[in-house]
Amino acid sequence: MVEQLPLSKIQDGESVIIRSIDASALKVKLMEMGLIEGKCISVLFRAPLGDPIAIDIEGYVLSLRKDEACMILVEPQKQVHS
Amino acid sequence: MKIALLGNPNTGKSSVFNMLTGMRQHVGNFPGVTVDKKVGKLTINKQRHELIDFPGTYSIYPRSKDEEVVYNSLCDETSDDYPDAVIVVLDAANIERNLLLFSQVYDLQMPTLMVLNMSDLAKKKGKEINIESLQRQFPEAIILEANARVRMGKERILEALENLKERTGHKFLPEHAIAQVDDVAAQEVQTKARYNKITQCIREIEQIKEKKKEANKLDRLLVHPILGYVIFGLILVVIFQFIFAFSTIPMDFIEGSFGSLANWLASTLPEGILTDLLTQGIVPGIGGVMIFVPQIALLFFFIAILEETGYLSRVVFIMDRIMRPFGINGKSVVPLLSSVACAIPGVMSARTISDWKERMITIMVAPLMSCSARIPVYTLLIALVVPKQAVFGFMNLQGLVLFGLYALGTISALVVAVILKSFIKSREKGFLMLEMPSYKRPHWGNVGMVVVEKVRVFLWDAGKIILAISIILWALATYGPGDRMEQAGQQATEIAQEQNLSQEDMDRAVASARLENSFIGIMGKTIEPAIEPLGYDWKIGISLITSFAAREVFVGSMATIYAVQDDGEENIPLVEKMRAEVTAEGKPVYTLASGISLMIFYVFAMQCMATLAVVKRETKSWKWPLIQVGYMGGLAYLGSWITFMLLS
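Chains as they are written, first to last, in this note's numbering: chain A, 1 to 82; chain B, 1 to 648.
Keep in mind that the hints are not guaranteed to be accurate.
In silico EDC-like pairs for lysine to aspartate or glutamate, Cα to Cα no more than 16 Å straight-line [to be verified]: (1) B:209 to A:58; (2) B:217 to A:56; (3) B:125 to A:56.
Honestly, the hints are just simulated from the structure, not real lab data.
Start from the sequences, fold in the hints, and give me the full structure.
Below, the structure is given as structure tokens:
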């Protein structure tokens with residue numbers, strides 16, 4: 001079992017894979033923005049005060065509030081240093 | 001034929017709309033919501049068609065009340081806006097996410113046109129699209145490429161509209177029907193299935209040559225914890241400098257031309273009520289509408305540039321957390337700051353706030369930000385009651401008071417926002433989920449269209465209300481009960497003749513006496529008991545009523561009442577006359593207490609019919625502007641009363 005974390009806990013610059021999204025009215029909306037289970041995303045940067053956060057979803061940048069990011073469970077990817 | 005234009009936000013949908021329709025567009029209403037319906041005219045082979053621009057959405061399922069128009073118009077064949085054909089604009093660089101909306105629309109079985117926009121940008125990002133394999137997935141759609149920013153693809157789109165493909169029932173996702181608007185569970189299942197299918201075929205459709213991360217060097221700077229705010233502050237300073245420096249020239253010109261037009265009409269037309277109505281009511285009324293156009297145009301010119309370049313979403317990003325405790329969000333920053341120049345474009349720019357509750361709060365508090373129309377009132381009153389003296393050796397007390405008035409306006413806007421947060425009920429949960437588009441050079445055609453559209457909406461929709469109120473105010477100031485005004489005017493003439501006054505001075509004395517006995521004058525006297533606790537007399541009362549038209553009218557009314565010529569910015573003679581004014585007991589009317597109390601009144605009171613008209617226009621109901629008049633009037637009365645009590 002690989003460790004799963006809410007997206008809000010991920011550091012800037014890290015890549016992760018989306019594993020699940022909490023059931024709520026917002027879930028469909030998050031999916032419609034391109035946040036789908038199995039998709040690889042990365043955290044780009046945070047606003048001052050650490051909220052909202054900006055993530056990269058296959059070439060486009062989406063900003064999410066911390067409490068929206070909390071609903072997304074992700075699996076950190078092994079860092080590949082080149 | 002009715003054609004719907006759909007697409008995700010930031011796909012260049014409005015560029016496509018502008019390219020197809022040019023200047024032949026107008027703004028209408030969708031039933032039941034506050035979003036505008038932009039409709040453009042298209043002519044293909046002498047056949048006239050209607051192109052309806054729907055709000056940009058990521059899905060046909062709405063995430064706010066305003067987005068419901070998409071679902072309601074497309075899924076209900078009895079709807080007035082049910083289209084005969086649909087154009088969906090897709091951002092070629094984000095094809096996977098964009099295909100969600102497209103496949104939903106495709107499955108609705110209307111003749112569908114896919115416009116792949118900005119494929120040049122996609123190629124720069126190392127993405128290439130295989131149209132043939134895309135066509136295999138959507139055999140009944142017409143697929144074509146365009147680049148609306150450089151006006152490429154118009155002919156192709158028009159040609160395709162002429163030769164639309166019939167629908168014979170092919171669906172991208174045959175096993176699912178479009179879900180009900182409130183059935184979130186079914187929507188979730190379907191969205192998942194749709195994405196699964198899109199993921200399966202995306203490899204064929206999109207060839208990714210090289211993967212580039214979007215982490216932009218510019219972003220490091222613009223959302224930097226310190227530099228980000230410094231840069232935003234500097235941009236604001238530059239914008240306001242431009243607005244104040246350049247809007248006065250056309251504003252003076254508009255004021256001057258309408259003044260001369262009124263004078264010219266007055267001297268050429270025969271004397272009578274109709275001429276008076278025209279020269280003192282209608283022409284100045286239209287002038288009073290036009291006077292706002294330079295500020296609206298300039299402000300939206302800058303907002304459109306910030307939006308077009310993609311910078312605006314970064315502003316929202318760095319301001320969101322700070323604004324949230326006040327019940328508003330990062331998108332409220334631009335409307336509130338714009339209101340420092342003028343609340344009218346400020347309220348109009350609140351359109352971008354998708355959350356209804358946050359939008360209402362923003363609109364409700366925007367007029368509390370001190371706008372430029374308060375400056376003449378503040379400067380007159382400060383010169384009148386605040387001594388010119390240095391504070392701490394280097395600061396000027398008068399300047400400090402002016403700063404304090406601005407600060408008071410801003411703080412009260414935020415406090416009222418917090419209070420409204422718990423009063424306005426909303427079932428929608430606020431969220432951000434904002435796409436941050438890549439930085440682009442502004443497209444000047446789009447910027448121009450935004451300016452034209454905003455000015456046009458203001459002139460037509462708010463202009464008629466402003467005109468109506470100005471005519472009412474004119475009538476109240478021109479007429480009085482019976483022949484009271486005539487008698488007062490005659491008396492003033494006699495006194496003036498006795499005192500051997502010049503013709504000019506006599507005219508002013510007569511005007512002053514007539515105003516005193518007009519309906520407005522009588523109203524001013526009637527409300528005197530109510531405003532006495534604030535330190536005001538009936539003369540101020542008259543000016544309070546007349547300046548409901550616009551705050552700066554206060555200065556002009558005072559000048560008429562005190563029968564002085566308004567010398568523009570200086571106001572020296574008026575200040576002297578007002579300073580000499582004494583009450584029945586021989587005490588000065590304008591003391592520090594009553595002067596500051598009056599300033600506080602203007603900080604809070606909703607003394608601007610143009611803003612009211614715009615709030616009515618934007619909320620599509622009289623309820624909100626009336627609440628606004630009520631709560632701001634209450635604050636003004638209470639604030640002035642407390643100030644007067646404390647200082648006297």
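Here is how each hint holds up against the structure:
no.	hint	in the structure
1	B:209 to A:58	13 Å, holds
2	B:217 to A:56	14 Å, holds
3	B:125 to A:56	14 Å, holds
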